[in-house]
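Asker: Spelled out from the first residue to the last, the chains are:
2 protein chains.
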Amino acid sequence: MKLRLVIAYDGTAFQGFQSQSHGLTVQDALEGVLARIVGEKVIIHGSGRTDAGVHALGQVIHFELTGEQVHQLSLRDSERWRVALNAWLPPTLRVMRVTRAGKGFHARFSASGKIYRYEIWHDKVLPPHLHKRASHLYGKLDLESIRHLCRMIEGPHDFRGFCANSGSLPESTIRTLYRVGLRKRGPALSITLEGDGFLYRMVRMLVGAMVQVAQEKKSIEEFQARLAEGKPWPTPAMAPAEGLYLVKALYGKRGNTPLVIPSLD
Amino acid sequence: MKLRLVIAYDGTAFQGFQSQSHGLTVQDALEGVLARIVGEKVIIHGSGRTDAGVHALGQVIHFELTGEQVHQLSLRDSERWRVALNAWLPPTLRVMRVTRAGKGFHARFSASGKIYRYEIWHDKVLPPHLHKRASHLYGKLDLESIRHLCRMIEGPHDFRGFCANSGSLPESTIRTLYRVGLRKRGPALSITLEGDGFLYRMVRMLVGAMVQVAQEKKSIEEFQARLAEGKPWPTPAMAPAEGLYLVKALYGKRGNTPLVIPSLD
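Just so you know, the protein sequences line up as chains Y and G, in that order. With this note's numbering as the guide, the letters of the first sequence map in order to residues 1 to 265. With this note's numbering as the guide, the letters of the second sequence map in order to residues 1001 to 1265.
Watch out, some of these pointers could steer you wrong.
[What the hints assert, rightly or not] Straight-line distance between alpha carbons at most 30 Å, and here's what the computed DSSO-like set of lysine-lysine pairs gives: (1) Y:Lys217 to Y:Lys41; (2) Y:Lys124 to Y:Lys184; (3) G:Lys1248 to Y:Lys184; (4) Y:Lys140 to Y:Lys2; (5) G:Lys1140 to G:Lys1041; (6) Y:Lys140 to Y:Lys184; (7) Y:Lys231 to Y:Lys217; (8) Y:Lys103 to G:Lys1124; (9) G:Lys1184 to G:Lys1248; (10) G:Lys1184 to G:Lys1124; (11) G:Lys1248 to Y:Lys124; (12) Y:Lys41 to Y:Lys140; (13) Y:Lys217 to Y:Lys2; (14) Y:Lys124 to Y:Lys140; (15) Y:Lys124 to Y:Lys217; (16) G:Lys1041 to G:Lys1124; (17) Y:Lys132 to G:Lys1184; (18) Y:Lys124 to G:Lys1132; (19) Y:Lys124 to G:Lys1103; (20) Y:Lys2 to G:Lys1124; (21) Y:Lys184 to G:Lys1132; (22) G:Lys1041 to G:Lys1002; (23) G:Lys1231 to G:Lys1217; (24) G:Lys1184 to Y:Lys184; (25) Y:Lys2 to Y:Lys103; (26) Y:Lys132 to G:Lys1124; (27) Y:Lys124 to G:Lys1140; (28) G:Lys1184 to G:Lys1217; (29) Y:Lys124 to G:Lys1002; (30) G:Lys1217 to Y:Lys132; (31) Y:Lys248 to G:Lys1184; (32) G:Lys1124 to Y:Lys41; (33) Y:Lys132 to Y:Lys217; (34) Y:Lys248 to G:Lys1132; (35) G:Lys1002 to G:Lys1248; (36) Y:Lys103 to Y:Lys132; (37) Y:Lys248 to G:Lys1124; (38) G:Lys1140 to G:Lys1124; (39) G:Lys1002 to G:Lys1132; (40) Y:Lys132 to G:Lys1248.
Hints were generated in silico from the structure; no laboratory data involved.
Next up, chain Y with everything else stripped away, as it sits in the complex (with noise of 0.2 Å):
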């Protein structure tokens, strides 16, 4: 039997997504609450890994259990699932929803796509409710440069000179953008990006060259060539993970209509 799980978490109580050496991750964490639950060691798969501190509001991810398993469990259906893992889960991660999927469903695999959104709080003070949940900026932003910016990934391109691993780079760094969108309520400031996928830190390293581009650090001309170029600024700011959000993993037919296509540069 193989669950799909929808699950929320806060990024500042875990070590990112992917377990490792040191500190508790997101995947620790709900590794371990799935041996307390199944007896054996269940290995789950997320749609994607996100970095310490980046916060999540619709991770995907799916783990399946053998029969053996299924048989020896009280927990048939999706709804006692749920139950079941949030009652052991700290509350700075919950399953949100819990569905069966079929065979051939891979949380990774078949993902079609992904929505970040990055927030930033642009005032003097940033209000304690927002420690850790968004960036802070303050003094000069041209939201009118990021707009501009917003327009010119959207689409396909290579986004290599947006990427913080250029040691090891994917086989290709082609994605492509569906949408790229900068919406302003007062203060609060937030970039939504849709996509089909998204290179290592590349969200972080295209709102860094934005910012830098809208505090006049950077011109709109040198953002175009790093992105023509594929080869990153010599000081590259990357925009802080506390601001960064997972907003959504998408599967199905949506990622492959994209809403936008612009024509290639």
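Fit chain G to the known structure of chain Y by using the hints.
Answerer: Just chain G now, with coordinates in the frame of chain Y:
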């Protein structure tokens, strides 16, 4: 020189507003930083206390400095005070605004009223980002009853039946609520109360009782009787601190010219 500060804090980081024998309070944190800056003990006065876990978005405090203290400090203008205080305070406690106050101003005695908001998340799962920032309810909740009770408690009433310290009541337990309203946005419910003053734990007692009625554990008539007779129920539910926000302390004419003046019952 008297300074008036608007401060905000995450209630989970403090053992309430007022200094006490155990644990760090908001007052302790502020007076600690002031002592560092001024070099002497400076006492602060708040518009009122908040319990441990209760949040503030717009708490008002004041403190006074002697001519000699002012003389020795380079912090002449309000803006520099804000920056200096925030530089020392933890990110869970922020000074939002600093202004010079007249000699007659007193954060508590000059206040003409307050606005509180109580946040409830009414759905199966409490999202991790609302942990300790909203009260979590699931199951039957008749919002029409809550709306009815919001209207019922508007106006001047003797609220002694909704006060926690029935042992040592203040001289008068009559308070006027100018506006009480419920707003629903999906699973997010918030009850906002604006009044000329609030008894000890009055908001949490009122919300707790409203929820009991909305869950059909108590009737509207029982609520009405409690309000009329001033006697708390044998098992009065007090809504948890983590859902409560002190939105604003009011000064000046606003409180004296209520927006709604219902007739006395």
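Asker: Which hints, by number, does the structure contradict?
Answerer: 1, 4, 5, 12, 13, 16, 27, 30, 36, 39
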